[in-house]
Every structure is written in structure tokens, then in C-alpha cells.
Amino acid sequence: MPSNNSGGPWGGGGGNRGSGNDGGGGRRPPGGGGQPPIPELDEIVRRGQERLRVLMGGKGGGSTNGRGPSGAGGGGIGRGGVMLILIAAAGLWVFSSFYRVDTSEQSVELFLGKYYQTGQEGLNFAPWPVVTKEILSVTRENTEDIGVGAGLRAEQGLMLTGDENIVDIDFQVVWNISDAQRYLFNLAEPRDTIRAVSESVMREIVGRSLLSPILNRDRGVIAQELQNLIQATLDSYNSGVNIVRVNFDKADPPREVIDAFREVQAAEQTRDTLEKQADAYSNTVVAQARGESARLLQQAEGYRAQVVNQAQGEASRFVSVFEEYAKAPDVTRKRLYIETLERVLGNVDKVIIDEGAGGGQGVVPYLPLNELRKSGSQSDAATSEGAR
Amino acid sequence: MKKSALILPVLVVLGAIGLSSVYIVDERETALRLWFGEVTAEIKEPGLYFKVPVIHEIVKYDDRILPMDTEPSEVTPLDDRRLVVDAFARWRIADAKQFRRAVGASGIPGASARLDRILIAQLRQVLGSVTSDAVLSADRVGLMTRIRDGARSEATNLGVEIIDVRIKRADLPEQNLAATFDRMRAEREREAADEIARGNEAAQRVRAAADRTVVETVSEAQKQSDIIRGEADAQRNAIFAEAFGRDPEFFAFYRSLTAYEKSLQGGNTSLVISPDSEFFEYLKSDKVK
Numbered sequence: 001m002p003s004n005n006s007g008g009p010w011g012g013g014g015g016n017r018g019s020g021n022d023g024g025g026g027r028r029p030p031g032g033g034g035q036p037p038i039p040e041l042d043e044i045v046r047r048g049q050e051r052l053r054v055l056m057g058g059k060g061g062g063s064t065n066g067r068g069p070s071g072a073g074g075g076g077i078g079r080g081g082v083m084l085i086l087i088a089a090a091g092l093w094v095f096s097s098f099y100r101v102d103t104s105e106q107s108v109e110l111f112l113g114k115y116y117q118t119g120q121e122g123l124n125f126a127p128w129p130v131v132t133k134e135i136l137s138v139t140r141e142n143t144e145d146i147g148v149g150a151g152l153r154a155e156q157g158l159m160l161t162g163d164e165n166i167v168d169i170d171f172q173v174v175w176n177i178s179d180a181q182r183y184l185f186n187l188a189e190p191r192d193t194i195r196a197v198s199e200s201v202m203r204e205i206v207g208r209s210l211l212s213p214i215l216n217r218d219r220g221v222i223a224q225e226l227q228n229l230i231q232a233t234l235d236s237y238n239s240g241v242n243i244v245r246v247n248f249d250k251a252d253p254p255r256e257v258i259d260a261f262r263e264v265q266a267a268e269q270t271r272d273t274l275e276k277q278a279d280a281y282s283n284t285v286v287a288q289a290r291g292e293s294a295r296l297l298q299q300a301e302g303y304r305a306q307v308v309n310q311a312q313g314e315a316s317r318f319v320s321v322f323e324e325y326a327k328a329p330d331v332t333r334k335r336l337y338i339e340t341l342e343r344v345l346g347n348v349d350k351v352i353i354d355e356g357a358g359g360g361q362g363v364v365p366y367l368p369l370n371e372l373r374k375s376g377s378q379s380d381a382a383t384s385e386g387a388r
Numbered sequence: 001m002k003k004s005a006l007i008l009p010v011l012v013v014l015g016a017i018g019l020s021s022v023y024i025v026d027e028r029e030t031a032l033r034l035w036f037g038e039v040t041a042e043i044k045e046p047g048l049y050f051k052v053p054v055i056h057e058i059v060k061y062d063d064r065i066l067p068m069d070t071e072p073s074e075v076t077p078l079d080d081r082r083l084v085v086d087a088f089a090r091w092r093i094a095d096a097k098q099f100r101r102a103v104g105a106s107g108i109p110g111a112s113a114r115l116d117r118i119l120i121a122q123l124r125q126v127l128g129s130v131t132s133d134a135v136l137s138a139d140r141v142g143l144m145t146r147i148r149d150g151a152r153s154e155a156t157n158l159g160v161e162i163i164d165v166r167i168k169r170a171d172l173p174e175q176n177l178a179a180t181f182d183r184m185r186a187e188r189e190r191e192a193a194d195e196i197a198r199g200n201e202a203a204q205r206v207r208a209a210a211d212r213t214v215v216e217t218v219s220e221a222q223k224q225s226d227i228i229r230g231e232a233d234a235q236r237n238a239i240f241a242e243a244f245g246r247d248p249e250f251f252a253f254y255r256s257l258t259a260y261e262k263s264l265q266g267g268n269t270s271l272v273i274s275p276d277s278e279f280f281e282y283l284k285s286d287k288v289k
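One line per chain: the protein sequences are A and B, in this order. My numbering applies: residue 1 is where the first sequence begins, and numbers increase by one. My numbering applies: residue 1 is where the second sequence begins, and numbers increase by one.
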């Protein structure tokens, strides 16, 4: 097609000088007829016309001098100039009609303003000016940061939660073009729309949630819901935009109150510490008590053994003595008595008073009991008992 | 020669006339063809069209979904708590003739300004009829739909179709922020105090339980130990009773002797005795009395 087009004028030009010029001139206006008036092209056309005029003027001068040879010579120069212009124009046309579409791109071709086809990757041909094209990068991921802006409070991502707390949220929406045709024809300001919809959806979700779930566990859930809602809203605009993912960067309490939130965390730690300390105390004293119990039981067992052994020993001793005694009661009894008193009286301070021999009754009151006491102060009971 | 000099300007003029008698309507546009200001045709289908040069005027409008954002404005819900609200709308020109008639030459910017007023009025009206809790809840979706429907019917007069209205911000006014922050802080402090109190409570519980366990364990052991001791004593008594029961009288005698020996020892005992006792039976004579 392009080679035919560019070849056509040449053939015509070669055949007849006059008609060649006519053909060249006649062809151009239809070429420009379909085109919207683009300044550059007008410029080119104008320049071309000026040049033609100059060439013709030269030729005209030549022709007045001598029609045949000089006219042929002037025609040669004119034809060369026209050819040059035509070559340049054709080259420009070819250059602007072919275009490449990258792997990541799609192109949409419009035939006289009407959608005509979607160009695929590789070399594409859109015969200018009848067909115009728009090339869009469809796979490239675009990122919109929301809530990161500095300055006004509203742009800092401060949002009001359902329980009237304020939370500072930053997130990113990553999107690409899922349908180049729709993307191109349906939304006037796609980026703006994506930003506005994302923020609106986030505020809607935050506005109906409580503060603490947002701060803690529900981030994944919220990100998912966010993505679904943004996608649904954009789909309702037929936007041809695909939300790839939503990155939930930050969901914090506002700067002004973050200290109080940290204090809560510290308090949680303190609580844990207190509980652990109490556990430690509990472990210590309970174990101690168990030890103490074991000690008491062992002591009791020891006591039992001791007492029983003692009793058994004593009993056994008595039994032995008794058995001997039973064989000769009188003698043994006497012997035991005398031997014992011998041992007892041998160690004791003694005063022997013979009451029967004379006036013993009268002696007792005069006994120097105080002196006796000095040597044996704690033996009152024994003394009086012995006295009787 | 002379002819060829004339041909070119003629061609140029013809070309210019040809150019100005066609126009292209893009896929993204709607065009109106005006005959001395009167709309004679509305062209929605993209393509190449013809017109009478100079006399026909072509006006093109963007046919895509257009943005419109309102400025933040304060609304007062039923409970008199003020909220700063801004919203955005997405709209498109549905009826280009009507649009042209309604906004005249001011075009899309003029329409935006009018839509802005419509939207703010709707915001105030709808949000003013509910409490602020409703705005801050799942009801927000319903409110947005109400605002959209209200704005939609008014916008029809402009030849505009409102595709969607969404509330963007619904925040407390700047002046209320400090109070809100104070409240949030107080809430956190309460929570922190609660945490610590609960910690103390739990600790005390644990300690008390431990103390109780200690007392229980030890007293149980004490009890067991006393039982054992009692059994031991009983056993001892049984042993003694068994042994001494053979001859109680001799036991008394024998035990007394043991007791004397134990209690009357050392140099701290003085005894005043009469020689009449049995021990001294032979002290005065060799005869038994």
C-alpha cells in the first residue's frame, strides 16, 4: 500500500511533465482533505507550494528565452525538486503511519474517529491521517499513594472511625489497564477517578468500623474489602481499570495520641509482669509448703518409730526384769529396793533424825532450813516428802 | 504556463473549502451542528461528517465520564454535631442539546459549577435529615444513593446524567479535633489503668490462692502428722499396757524405783529422813521389827 502510493505519483510524473505536476498538486489536497488541519502539515504544504512557485518562476524565465532546450532544462530542475518534496512527504507519511506496539502495550486505532481495531504487539500500520491511534501501556502497574501527602490534615490520611476516633491511614492502590478501549473511551480522568474512589471507599469502610479492629487484626480483611469495593465502583463506570492489589501501609493512631497508645502497651506489659511475679511467688511458696508438709510427715513418722521403739525397749526391759522377779519375787524385790536406795541416797545430802529416840518433834523446827536450801535450793518437795 | 500558475492557488482554495466542509467526531465526543446558533443535529456516532463551511458551527463535548469534586463543606446532622463533608460525582453529558441549552457557551466548566451547587445542596439536605451516627456507619452507602438520586433528578435539567456520587470525607471540624484527641487519650489512659489494675488483681488472686494452698497443705500435713503421732502414742500405751499389765503392783514398785533414781540425783537434793524407814531397818538393830 505505501509503496503503491509513493510509486503512483512517480509514474504519473515521469509520463507527462505538465500532468505530472498536476498530478502531484492534485494528489496532495485529497491527501490533506481527510486530515484535521494540523499546523505542521499546513506549514509543510505551504512551504512546498512556495518552492514550487519559485521553481516555476525560474522555469517561466527560461521559457521566455528559449522554449525548447531551456524549458526542458528548467523542467528537469523542477521535476527534481518536486520529486525531492514528494519523496520527503512520502517518507514522512510512512514514518508516521507505521508504529510499534511493545509487549506491555496495546494500541487502539480509530478510523475517522470511530473505534476500528485494537493493535497487537509488533509492527502496526495506521494509514495517517485516516486512522489515528492511541498506544497504552496495559501491563504496567501504576501506583496511587493515598494518605501520604503532607500539609492539610485532610490529606494526611486522618479518617474518622465509626466510634468517632481518628485513625491515620496510608495505603497504595496498584492498578493497570484491563481493557484499553474502555479505559480510553469511558473515563475522562482515570487517575483522578481512581484516587477519589479509593479514598472514598476507604473512608466508607473506616467510617463503619471501630478503631481497635482497624489497628490490630482486621487489616487483611479491610484490604480485601477495599480492593473489592474499589473494583466494583470502577467497574460500574466501565473504566477498564483493574485493581491489582491494595497495600495497606499504615493504620496508626494519630501522632497527637500515639503516646497514650504506647502507654497502653506498656501497661499490658506491666500487667503481664505482675501476673508473672505472682506466679513466681505462688510457685515458691507452694513448693515450700509441700516441702514443709513432707517434713512434718517425716517427723511424725520418725516420732512414731521413736516412741514405739522406746516403748518396746522399755517394755521389753520390764518384761525381762519381771520374768526374773517372778522366779524369786521377795528376794528380787528387796534387792532392787536396797540397790536403788543405795544409789539414790549415795548422791543426796542427807539429814537423818531419829524421832523415836527422843524429842525429834522438837528438833525439826530448829533445823536451819535456809542453810540446807543453800546447798539444795530446789529440793523442797523431795525434802518434805522424805520428812514424812 | 499561465494556466499552471493559476491552477495551484485554485487547488489550494478548493482544498481549504473541502477541509472546512468535513469534520470528524471522535469516539470520545458528541458533537452538535449549529445553524446560526440553532441546534440542527446532534451527532453521537463517531465518524466523518459534512457541513456547510462557515455557516455551520460545530460544538464538541466530551462524551466520557467526567469528574467533579466538591469543596469541603460543613453539614449539620440531626443531632447538631457538625461534620465536614466533601463528595465527588462522576457524570456525563446525556443530552447534548439540553446541555447546550442549559449551560450555553460556558460548557463543561460552567456545568461543573452548577453541579457543585446541586450536590452540596443535596448533601446538606440528605445528611441534615439523619444523625451523625448514620453517616458513620454502614448506612453511608444508602445515604450516598439518596444523594445521587436527588442530584440525578435535578441534573436531568442540565442534560447531565449523574453516574455516581460518593462521600469522600466525613470528618469532625478542625476545632473538634483537639477534643477528640483528648477523649482518645483519656480512653487509652483508662485502658492502661484498667490493664494495670487487672494485673494487680490477677497477681493478688494468684498470691492469695498460693497462700491458701500453703496453709491447706501445711495444715493437712500437720493433721496427718498428729494422727501419726497419736497412733504412735496409742501404740506405745498398748505396748506398755501389755507389758506392765502382767503385774501392776510390781510395775508400780519398779517404776517408782526408776523414778526415784532419776529425780533424786545430783548434789542439789537434801533429804531429811528418819531412820524408821525400811531402808534403815538394820541401822539400829540386826532384828527385823
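Check each hint, because a few of them may be wrong.
What the hints assert, rightly or not - Here are the computed lysine to aspartate or glutamate pairs in the EDC-like style, where the Cα-Cα straight-line distance is at most 16 Å:
1. A:Lys-327 <-> B:Glu-278
2. B:Lys-262 <-> A:Glu-301
3. A:Lys-334 <-> B:Glu-278
4. B:Lys-223 <-> A:Glu-301
5. A:Lys-133 <-> A:Asp-170
6. A:Lys-350 <-> B:Asp-276
7. A:Lys-133 <-> B:Asp-276
Said to hold, decoys possible - Computed spacing ranges between beta-carbons, pair by pair:
8. A:Val-321 <-> B:Ser-285: 43 to 49 Å
9. B:Gly-110 <-> A:Phe-98: 39 to 45 Å
10. A:Arg-245 <-> B:Ala-202: 40 to 46 Å
11. B:Ser-73 <-> A:Thr-273: 36 to 42 Å
12. A:Ala-232 <-> B:Asp-80: 21 to 27 Å
Note that these hints are calculated values from the structure, not bench results. Beta carbons are placed, not taken as given, at the ideal position from N, Cα and C, and that holds for glycine.
- request: State, for the Cβ atoms of A:Val-321 and B:Ser-285, whether the hinted interval 43 to 49 Å holds or is violated.
  value: At roughly 31 Å between Cβ atoms, B:Ser-285 and A:Val-321 fall outside 43 to 49 Å, so the hint is violated.
message: Need the status of pair A:Lys-327, B:Glu-278: alpha-carbon distance at most 16 Å?
response: Outside the cut-off at roughly 23 Å; violated.
query: Are A:Lys-133 and A:Asp-170 close enough, with their CA atoms no more than 16 Å apart?
result: Distance ~37 Å between A:Lys-133 and A:Asp-170 Cα, so the pair is violated.
message: Run the distance test for A:Lys-350 versus B:Asp-276: straight-line Cα separation, threshold 16 Å.
response: holds (14 Å)
Given pair status - A:Glu-301, B:Lys-223, alpha carbons within 16 Å: Within the cut-off at roughly 13 Å; holds.
task: Please test the hint of 39 to 45 Å on the beta carbon pair from B:Gly-110 and A:Phe-98.
output: Holds, at about 42 Å.
- prompt: Does the Cβ distance between A:Ala-232 and B:Asp-80 fall inside 21 to 27 Å?
  reply: violated (34 Å)
- prompt: Quick one, are A:Lys-133 and B:Asp-276 close enough, alpha carbons at most 16 Å?
  reply: Since the Cα atoms of A:Lys-133 and B:Asp-276 sit roughly 153 Å apart, the hinted pair is violated (cutoff 16 Å).
message: Given a hint of 36 to 42 Å, does the C-beta separation of B:Ser-73 and A:Thr-273 actually sit inside it?
response: Once the Cβ atoms are compared, 51 Å apart, the range 36 to 42 Å for A:Thr-273 and B:Ser-73 is violated.
- request: Go ahead and decide if the range 40 to 46 Å is satisfied by the Cβ distance of A:Arg-245 to B:Ala-202.
  value: Hint holds: Cβ distance 43 Å, inside 40 to 46 Å.
- prompt: Given the hint that B:Lys-262 pairs with A:Glu-301, does the C-alpha gap stay at or below 16 Å?
  reply: violated (28 Å)
task: Mind checking the alpha carbons of A:Lys-334 and B:Glu-278 for me, to see if they're no more than 16 Å apart?
output: holds (10 Å)
The structure does not agree with the numbered hints 1, 2, 5, 7, 8, 11, 12 stated previously, though it agrees with the rest.
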